[in-house]
Amino acid sequence: MKVLVANRGEIACRVLKTLGHLGIPSVSVFTDPDSEAPHVWLANERYALGEPRAYLDIEAILKAARDTGSTAIHPGYGFLSESQEFASACAEAGLTFIGPSAQAMRAFGDKRAARTLAVSVGVPVVPGAEACNTVEEGRAVAQEVGFPILVKAAGGGGGKGMRLVEDGAEFEEAFLSAGREAKAAFNDERLLIEKYVFPARHVEVQVLGDGKNSIVVGDRECSLQRRYQKVIEEAPCAAISEEVREAIYKSAGALIQEVGYLGAGTVEFLVGPEGDHFFLEVNTRLQVEHPVTEMVTGLDLVAEQISLAHGGKLPDCPRQRGYAIEARLNAEDAYNGYLPQTGKLLMLEWPEIPFVRIDSGVEEGGEISPFYDSMIAKVISWGQTREEARLRLISALEKLTLLGVVTNQSFLLDLLKAPFFEDGETFTTTVESKTWSSPLAPEFVDFVGKREMGNRPVEVASGSAGVGDRFSPWRNLGSFRMGE
Amino acid sequence: MPWVTVEFEEHTYRVPVARTNKGVWVGWPGGSVFVEREEEMAARAGSKEDCVIAPMTGRVLEVKIQVGDVVESDQVLVVLEAMKMEYRLCAPRAGSVEVVGCVVDELVELGAVLVSLEDT
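Chains as they are written, first to last, in this note's numbering: chain L, 1 to 484; chain D, 1001 to 1120.
Chain D on its own, in the form it takes in the complex:
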């Protein structure tokens, strides 16, 4: 993966970049960021409000709800374990559980939809 030379606003920068099929990683002295393709960004934004999405790849320790349960905002729905730490994932809003997309002990990928909510 390459370093590229970039002319930007009358300055020249030497920048490390790494492409993936979802976008481009770009670095600078002391940091880096993933510049996402616009279509990827749009696809993600649509689902955020009503879903609990796995914030990292990990193993499902506990699923605290079932389809049809009425939940409150910030209620713990799923407990995930990654790198030997536990993370409690909470409801983004009040609602009822429409789909449970994971089972206990399952290894889920970053970005997987674990629970989706609908209006009660």
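Just chain L, same shape as in the assembly:
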């Protein structure tokens, strides 16, 4: 077996680490802007793909697999992980795709088909419609269901290609721009429309299947979201009763069993205030937030994926023990419209705290480039109680030192310290219904900054905005070559 990891960043690192400790030979792929990225060197072999969008290039990835003699491909999440075309192409090329069968991807990878399937096995769904190919069709569906509605990419998740539309006037632009975003992110511009349900919790179920049988591994709550992207996730969901949990597990199991699912998957639900649940979608891949489930179950989900894809057995049904919380550290200005930020990681020190796990794909000196997702790392804590996990995660984020790029570090702390989070009062609308303002920097900060720039010579031109410093002695040197 030799596994090619068709991804980048933290998830490529995550998968390569498991391949490493299992002793399975591995191959990383990388694009031009990623040539210095950490994932490249975590593999036994590496393969250059070229231009920045090549992680989405099926032919390029298959060629990399052929040239390196790989026998299997792990797609990570995002990029080609939910591309049925890619899964089929792998099968045709004689490669093991570490993910579900093309049949299961047909059933679930497409959100429209998944809704239809859910209805057929008696799983409750959010009111809406599967088919809307044009603005006119979409508008008709939206008016039938009634605003506000959500426009969603049929071909992928992660909040990309998703828009909340409050009324008809905003519809056309939202529909068209969601389509473009979906095309850029998933190479699939099809959309679907759903009634916008609120207030609701986002609860999801981790499942594993061996192609015949399946097990429910555990559940997560991921209600804290901004721009439909999760920021804080936890396992298990502390807010639902055992009866509700049982009902949700039963719905998830019914869907997974119906298609003879193979590998790891996540069934997502909205849970209303009465504990009624609505099926949202199945993600036929590893999720960003899978570590919280790993922390409470002790399962290595990547190892399970690899085993199941190669005909391995399902693990024993695990029990969830304690609580885990994950915070996504993003390069973004959380207090200013979550604008993505780029730059160089001038200083980076991760916290070392018992029961805290860091999944990252960057290192000090690395660049956060505009080409890819803004996530820098995931910081995950475990505790015997939810409160213990919360306090550990706060401590971890306070001890994390990152300079050079604006991040959401203090915003994550705002969320974790907020009374609503402590009380578990988390809904999908919570983050955006509140006003968040940048905390005041400690008083010494300005003093230190002025002192540092006044007393010492400027040594490095750094960051993407680097322009030659006019006081620098290096400016007067003219051009020269090393060794001359």
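Treat the hints as calculated values from the structure; they're not laboratory data. Computed from a predicted structure; not experimentally measured. There's no promise every hint is true.
Short, incomplete list of chain D residues facing chain L, as computed with Cβ under 10 Å [claimed, not checked]:
no. : residue
1   : 1019
2   : 1027
3   : 1058
4   : 1068
5   : 1072
Pulled from the structure, derived: some chain L residues nowhere near chain D, Cβ distances all over 12 Å [what the hints assert, rightly or not]:
no. : residue
6   : 18
7   : 383
8   : 399
9   : 449
Every beta carbon over 12 Å from chain L, so not counted as near; a handful from chain D, in silico [claimed, not checked]:
no. : residue
10  : 1050
11  : 1070
12  : 1096
13  : 1098
14  : 1100
Backbone N, C-alpha and C define an ideal beta-carbon position, used for all residues, glycine too.
Following the hints, position chain D against chain L.
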């Protein structure tokens, strides 16, 4: 890049700092901020009112105006894509378009002036 010890108002702090040619990054437990050189700050402040500035490095998806167009305040002028998300950049005030500093598909840097406006 170093940690420095700072005496400030009778307290001693251990502070992470990182210098660039435009200023200094300074951290504290749970956050960080960029302390900009005064001349940089002054240069930026002068251009804010009349310009649309790229709020991040990204690719230009759409340019909705041409030189000479009369625009209203908050009208969408340029659509930028970064990290697979779209951002609509709006006119800071009403006026007419004096310069268009970007073209579709161009990769623009953070801080680049994309559009500048003049009085009609």
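* What are the numbers of the hints that this structure violates, sorted from low to high? -> 4, 5, 8, 9
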